[in-house]
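Enquirer: As a plain string of letters, each chain reads:
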Amino acid sequence: MTIAVAASVITTTYREALRMALREALQRDPRVFLMGEDVGCYGGSYAVSKGLLEEFGEERIRDTPLSESGFVGAGIGAALNGMRPIVEVMTCNFSLLALDQILNNAATLRHMSGGQFSVPLVIRMATGAGRQLAAQHSHSFEGWYAHIPGIRVVTPATLEDARGMLWTALMDPDPVVMFENVLLYNLEGELAADAGAVDIDRAAVRRLGDDITLVTYGGCLYKTLQAAERLATQNVSAEVIDLRTLRPLDMTTVLGSLAKTHRMVIIDEGWKSGSLAAEIMARVMEQAFYELDAPIERVCSAEVPIPYARHLEQAAIPQVDTIFAAALRTVNHHV
Amino acid sequence: MTPSPEFARKLLYEMVRIRRFEEKSAELYSAGKIRGFLHLYIGEEAIATGVMQALRPEDAIFATYREHGHALTRGLSAGAIMAEMYGKLEGCSRGRGGSMHLFDAATKFYGGNAIVCGGLPLAVGYALAQKMQQRAGLAACFFGEGAVAEGEFHESLNLASLWNVPALFLCENNLYAMGTALERSEADTNLVEKAASYHVQGKSVDGMDVLAVLEAAQQATQFVRDGNGPYFLEFRTYRFRAHSMFDAELYRSKAEVERWKQRCPIAGFSARAICEGWLMPEMIDAIETEVAREIAQAVEFAEAGTWEPVETLTSDVYTARVQA
Ligand SMILES: Cc1ncc(C[n+]2csc(CCOP(=O)(O)OP(=O)(O)O)c2C)c(N)n1
Ligand SMILES: [Mg+2]
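Top to bottom, those sequences are chains A and B. Residue numbering for the first sequence follows our numbering, starting at 3 and increasing by one per position. Residue numbering for the second sequence follows our numbering, starting at 763 and increasing by one per position.
Source of the hints: derived by calculation from the structure; they are not laboratory data. Take these hints with a grain of salt, some might be off.
[Claimed, not checked] One-sided excerpt, in silico: chain B residues whose CB lies under 8 Å from chain A:
no. : residue
1   : Glu852
2   : Ser855
3   : Arg856
4   : Arg858
5   : Phe865
6   : Val878
7   : Gly880
8   : Ser959
9   : Asp1078
What you are looking at is a predicted structure, and each value in this text was computed from that prediction instead of being measured. By construction, the Cβ of each residue, glycine as well, lies at the ideal position given by its N, Cα and C atoms.
In isolation and in its complexed conformation, chain A is listed as follows:
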C-alpha cells in the first residue's frame, strides 16, 4: 500500500524566496554571478542577497561602485562573452542612469547584428511606492521598460514567482528585466519546499470570477485581491489576472477572461498617460471590442511625482477603495 505524502511546505517570505532562487542559480551554473551596488558586504539594499557573499565569495557576489551605466554595460559585455550575469540595480529610479545601456545595447544588439550576438542577462530592480521615500525613490517604470522590443519584462508578485522566475529568466537567451515591488519583500506565506522554476510566458488567474475581470501585476495584486473580496460581499464575482510578464503580454489569458465577464478594470501603479494599462486597453479595443458590455476603467497612479507625506502618497497610487469603486461602476454600467 502506498501512502500519498503531501509535498512539504515551508513558511517563507518573498525576500527569502528570491534569495533561494539566487542561491540555487549560483549553485547550479558556474556562469552565473550577481553584481550591483551593495549586493555583497551590505547584504543587498533590500537584504535579498544577505549571506551570499560569505557563501559564494567576492568574485560571484560582486559589489560595484555607483556606476549604473558602467556595471549594467559590463553585465551586457559579460553576457556577450559566455556568462549569465544577474545585475541588481537598487531601484528602477536609478536604472535611468543605465537606460542607454539597456535600450541601446542589451535590447538592440541581437537584431542590429543580424542575429549574431545575444545578451542572456537578467537585470533585477526594485520598483514602486508606499514607503514614503518621495519622488526620486518611489516610481514604477516597468511599463516604460515594457515599451522596449528586445527585452522581456517580468514582475513576480507571489512567493512561487519570486522563487521560480529567476532561473527561467537566466535560461532565456535574451535580456530579462525583473521588477520586484518594494512592498512585497516582507510578504510572508507558504511555499512548496521543492518549488522551482516557473514559466515566464503566461499570465495567471489568481481568483476566479464571472462578473468582471481585474487585470493587474506586481504590488497591486494584493490590493486587487482585497478589492475582489469586498466585491464578493456585494455579490460581484471578480476574476483577478496577474499578468506576471509585461512584455510579451499574454493577451490570450486576458481576452479569455473578458469573453466570460465582458467587463474589465486594469490596475497599474504606473502613471496613467501612456501606461501599460493604456496598452492593454488598446489591445482590447483592437481585438475584443464587441466583447465589452461597459467601458474599461483604469486605476493607475495620479499624474504627479510620488509625494512624501503619507496621505498624499497613498492618494497618488491605486488603493483597494479606488479599485473597488471602479469595479462597481463598471459592473453597474448599463447601456
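Start from chain A and add chain B with the ligands according to the hints.
Expert: Chain B with the ligands only, in chain A's frame:
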C-alpha cells in the same frame, strides 16, 4: 622598429585598402548607393592597422561608428562591409546596421557602437568574463577623444582598474568631437593623466606613424596579456575628411587640415619604406592595383546582393524559441 619587407608591404597594403575603400564609399554615398550616416576614417588608418597587428584571433574588438577601417583590417571581407552599407542581406549585419554597426562573430568584432562611449562598459564586462572564465584574449576598445567627457568613460576605467581586467582602451584623439575641439570641452586635456587617475597605465603615441602605433600596441597588449590589468593608449591623429557627410567644417581652417595632410600616414610610411629600402617603388603600384581589384569586387558583391524580405523584419528581436 625595422619591419621585414613582407611586413612593411602588409602594413602599407592594409592602410591603402582602408583609404581606397573609404574613398569609394564616399563616391557611392554621393551616388545614393549608401545612405544614412557615413563617418570616414581617412587620415587615421595607421591606428587600426597598427593596433590590429598586435591583436590575436582570441581578442575581441569593440569599435565606434567610425569603424570601416577596423573591420577591414580585422578581417571582415570588403564585400560584406560594402553590402552592409548598401543595406543588403549579404552585409555583415544583414543590412540592419549599416555603416555604423558592422558586426562579425567570426572575428569577434562586437560592433560599431553609435552611442559615444557606449562600447566601453561592454568591453569591461567582456574582459571581466574573460578573467572569470580564465580565458586568454583581451577586449580592445576603440573610441574617440570625445568619449572622455562622458561619465561612462570614467566609470569604465575605474571598473576595469578596480577589477584588474584585460581591457585595452584605445583612444583615437583626432582633436575634434564633431565640431568641438578637445580644449573647448575638457578642463584638462591630458588624457593619459585621466587614465592614470584610475591607476590605468597609459601612453600617448603619434597616431600618424604606423610603426609607432604598432610598437605601442605591442607593448600595451603584452602588458595586458601578462595579467597587469587594463592599459590606455592615446593616439594623436586627425581626420582629413568631414565628421560625416553632413558636416560643413565650419570649426576648423583649411590651413589646419592641409598641415595635417602633410603628415598623411600612408604617404609618410611609403616614403620611409622606400627610403629605407623596405619596399621598391613599383610595389606601391602593385598594391594599388590589388586593392582596386578587391574594392571593385566588393562593390560588385554589394550590387549583386539582395534585400532582406520584409517578412523577416522582426526576426532576431528575440532569439527564436524552440516550441516546447
Ligand atoms: C551619447 C552621444 N551623444 C552625442 C552623439 C552625437 N555624436 C556622434 S559622433 C560625436 C562626436 C564624437 O567625437 P569623438 O568621440 O572624438 O569621435 P570622432 O567622431 O572624432 O571619431 C557626437 C557628439 C552620439 N552619437 N552619442
Ligand atoms: Mg574625435
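Enquirer: Please flag the earlier hints that this structure goes against, numbers listed from lowest up.
Expert: Hints 1, 6 and 8 not satisfied by this model.
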